[in-house]
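Protein chains in written order, with the working numbering: chain A, 105 to 250; chain B, 105 to 250.
Derived from the structure by calculation, the hints contain no laboratory data. Small disclaimer: the values here were computed from a predicted structure and weren't measured. A virtual CB, placed ideally from N, CA and C, is assigned to each residue, including glycine. Incorrect hints may have been included.
Footprint (simulated), chain B over chain A, 3 or more residues, beta carbon under 8 Å [to be verified]:
no., segment
1, 109 to 122
2, 132 to 138
3, 160 to 172
2 protein chains.
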Amino acid sequence: MLESAELSESECEALLRAGIVGRVAVSTPDGPHIVPVNYAVVDSRVVVRTTPYSVLGSNARGAVLAFEVDGFDHERQRGWSVVARGRSEVLGDAEDLEQVRKVWEPRPWASGTRSLYVAIAWTTISGRRLGSGWDPVSTLPTRRLV
Amino acid sequence: MLESAELSESECEALLRAGIVGRVAVSTPDGPHIVPVNYAVVDSRVVVRTTPYSVLGSNARGAVLAFEVDGFDHERQRGWSVVARGRSEVLGDAEDLEQVRKVWEPRPWASGTRSLYVAIAWTTISGRRLGSGWDPVSTLPTRRLV
Chain A
105 MLESAELSES ECEALLRAGI VGRVAVSTPD GPHIVPVNYA VVDSRVVVRT TPYSVLGSNA
165 RGAVLAFEVD GFDHERQRGW SVVARGRSEV LGDAEDLEQV RKVWEPRPWA SGTRSLYVAI
225 AWTTISGRRL GSGWDPVSTL PTRRLV
Chain B
105 MLESAELSES ECEALLRAGI VGRVAVSTPD GPHIVPVNYA VVDSRVVVRT TPYSVLGSNA
165 RGAVLAFEVD GFDHERQRGW SVVARGRSEV LGDAEDLEQV RKVWEPRPWA SGTRSLYVAI
225 AWTTISGRRL GSGWDPVSTL PTRRLV
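All chains should be built: construct the whole structure from the sequences, respecting the hints.
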């Protein structure tokens with residue numbers, strides 16, 4: 105078994121910016137939900153796309169959300185995770201949307217129209233890793249090239 | 105881009121039972137949190153181990169939780185996810201604990217004492233996959249052998 109250690113804020117941010125798939129936790133009237141999503145980091149915001157009537161579309165607007173990315177090396181039983189938390193905002197401003205699309209159009213893998221852009225401007229970010237002497241970024245199967 | 109399709113309840117359950125790492129979402133006074141965990145499925149309950157003063161130890165007892173597992177094939181941009189939801193219970197009964205340890209001792213990868221066993225008896229389970237013609241179980245890097 106391996107020692108768990110905190111990641112620095114800059115390590116957390118680097119891993120968050122490099123990822124493509126993450127998970128949003130949102131509180132709903134019938135308890136918390138988790139929704140896996142494609143995402144992009146634009147400036148200091150996690151941006152995801154959804155539909156107005158989805159779990160996120162119905163519950164995430166203006167709410168505090170938690171967003172998680174992780175990577176695991178099952179063979180060596182080690183891994184890392186990063187959680188960013190903050191209040192979400194639906195992007196409605198044309199200039200804002202243009203900026204998001206310019207830097208990175210969050211491209212969902214799934215087909216279907218996702219007209220709602222939800223941005224999480226995180227106020228806290230923290231992460232952990234199991235074990236030392238290895239690069240957490242190495243567990244990312246694909247990395248966003250920026 | 106690929107079509108998203110619902111997984112059947114039995115597919116969801118098979119994937120949930122095969123996994124080793126998942127994520128718990130829990131509501132806290134300052135919003136939802138996500139915590140990655142090692143887990144095991146015992147009978148029809150997801151069992152995780154934690155410490156009394158952790159985010160889970162402080163907020164998850166007797167609360168409705170969401171538990172998520174997923175697998176992604178980044179090269180082909182496809183994947184699956186399963187979410188099980190239900191009220192949690194701290195296992196305190198000696199017989200209950202013995203049963204859990206007999207079937208599977210949830211072995212955390214991280215070192216440290218995790219004396220609290222939290223069981224989520226799910227009341228709903230649902231999942232989705234992107235694309236067809238492939239086996240979601242194939243994306244599991246390691247499978248629990250039962």
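Residue count check for the segment 160 to 172 of chain A against chain B: does it reach three with CB-CB under 8 Å? Since three or more residues must qualify, the claim that chain B covers the segment 160 to 172 of chain A holds, with 6 doing so at under 8 Å.
Cut-off 8 Å, C-beta pairs, minimum 3 residues; does the coverage of the segment 132 to 138 of chain A by chain B stand? holds (count 5)
In terms of beta carbon proximity below 8 Å, does the segment 109 to 122 of chain A have 3 or more residues touching chain B? violated (count 0)
Comparing the model with each earlier hint shows a violation of hint 1 alone; every other hint is respected.
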